[in-house]
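Q: Protein chains in written order, with numbering that gives the first Met the number 0: chain A, 0 to 306; chain B, 0 to 267.
These aren't lab readings, by the way, just hints derived from the structure by calculation. Worth double-checking, as some hints may not be accurate.
[Unchecked claim] From the derived model, a few chain B residues whose C-beta atoms are all more than 10 angstroms from chain A: (1) 32; (2) 110; (3) 124.
[What the hints assert, rightly or not] Computed footprint of chain A on chain B; a stretch qualifies when at least three of its residues, placed anywhere within it, have a C-beta under 8 angstroms from a C-beta of chain A: (4) 64–77; (5) 209–217.
[Said to hold, decoys possible] Label pairs and their in silico Cβ distance ranges: (6) B/257 to A/207: 51 to 61 angstroms; (7) B/190 to A/207: 47 to 57 angstroms; (8) A/133 to B/262: 27 to 37 angstroms; (9) B/193 to A/57: 57 to 67 angstroms; (10) B/193 to A/164: 47 to 57 angstroms; (11) B/16 to A/133: 33 to 43 angstroms.
No residue lacks a Cβ here, since even glycine has one placed at the ideal position from N, Cα and C.
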Amino acid sequence: MTDIPPAVELAGLTKTFGPVTAVDGLSLRIEPGEVVAFLGPNGAGKTTTVDMLLGLARPDAGTVRVFGGTPADAVRLGRVAAVMQTGGLLKDLTVAETVRMTAHFHAQPRPVAEVLERAGIADIADRPVGKCSGGQQQRLRFALALLPDPDLMVLDEPTTGMDVEGRRDFWQAIRADARNGRTIIFATHYLDEADAYADRIVLVRQGRVVADGTTAEIKNLAAGRIVRATLPGADQAALAALPGVQAVEVRGDAVLVRTDDSDQVARHLLTRTAARDLEITSRNLEDAFLALTTDTLTAEPTQPIGV
Amino acid sequence: MTVATSSTTTSPARPVDRRPPALGGFSTAVLGIEIRRVLRNRRTLMFTLIMPAVFFLLFGLPQRGQDLPNGQPVTAWIMISLAVYAAMVATTSAGAAVATERALGWSRQLRLTPLRPAAYVATKVATAMVLGLLGVLVEFAVGAAAGVRIPADVWLLAGLAAWLGSLVFAAFGLFVGYLAPAENVMQFMGPILAILAMFGGLFVPLEMLPHAFQQIAKFTPVYGVGQLARAPLTGDGLDWVALGNLAAWTVVFGLGAARLFRRDTTRV
């Protein structure tokens, strides 16, 4: 089964715009059937990466393979489809006309009625696109993306600008569709979206992957606590061997331990070592996200992130 | 293209036999939708079908009873000129529609489909030519209804020349469309077309204008098609200057559009 190419393989992808490096040597491999969230703050390089993945932008360096071929081939064969933030629609066509017209561009499209139904816009089929709300237009783009029954669906911040209800409806439509082994990649800066809909989260910052793991693993990055104490000459190995300890870092006289079991570490430090000024802090997913995706390093060790 | 044949999917539920669309995604069905779109646009209908017809009623009808030197009616001369005008406005606006679609981001959306850019342009040109034909037919119908009587072969040849010659303006429209991605491109194209039509002798016979004007006119893009379309009526025979003019401008606009088109599609 090793001859099955990955759905997406990005290697050393780099893209600069003048002095700005939007994507900086990004590598990523996504297997068929995965539902992956591409999570990062605005300006992290998500959209540029998605553009290169779809063949809408050419990388300055690195390679993109989609199902073993070029993005252009994948688009032409209907293997990949996308819902972009910026894709324009013709205002003078109705919803159904837009889908019908786009269906003719594909060799083997799904029936128009079916994709309208699956995107949840069958009831507004005869509405002119110009009169549709942002959320309805986004679901129309989703309907267009469903036409080729793609093996890979890419969504670039699909719910930007939608209200809470619109977001929920949109994701319900996506989720109802995410079966039969379709690979889904979505870029988002909403943590809760990544958490709720992805199997795997790829955190990007400044055009690089800073963390990559299952949703549970990424959450664990944040679930632990940090025990900090002043302890000159701390025995890092001993601390690392304690149950629940994820990472140990020494900064001068201070030692920082990231752990699931802060009581255990605190007890050890206070009873077995000369540690003083002990301090326990916890963080949530939001903190982890900020810590991983912002420039200014917080007090926590962000080093061993190889989850 | 080899990816389609290997079974590169994990789940049997995924479609395996994938192929690109025939003709790069060009289809008569889409052409039909495009033509319907154009006909739904009141503004386009106003400028391409109604206005030239009204011009004929305003400026053509008063000349009723007047004859050209060869005995053919002057109203036919005006009708054919305005048919050329109708066709040129129609084909230019249909070609320039790419400007609107680029401005709206629709072209970007299309790049996420298997539609080849060449098929897209072919659809636009075909739409332009259908609309151009409609412009000629409406003008001729209004002329015939208003009493223009000329030999059948003149109807046919003049109509064909006006229609086929307007291909140069389909190219012109595409050229402008790829030059300026503006939603309202026809608002500034309208006056430009009117000036070109003036130089092409569509509104007033060039012989009635100053000599310098006539000399310049021979190098402007409407001159050739205007002369050729009226030749069957005036009996002037094949005008090589006009033919050269039409060929040269078709090449200029065609190459210009092709060049900008290529720049647009390779820009990634």
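Q: Hints broken by the structure, by number, lowest first?
A: 1, 2, 4, 5, 6 and 9
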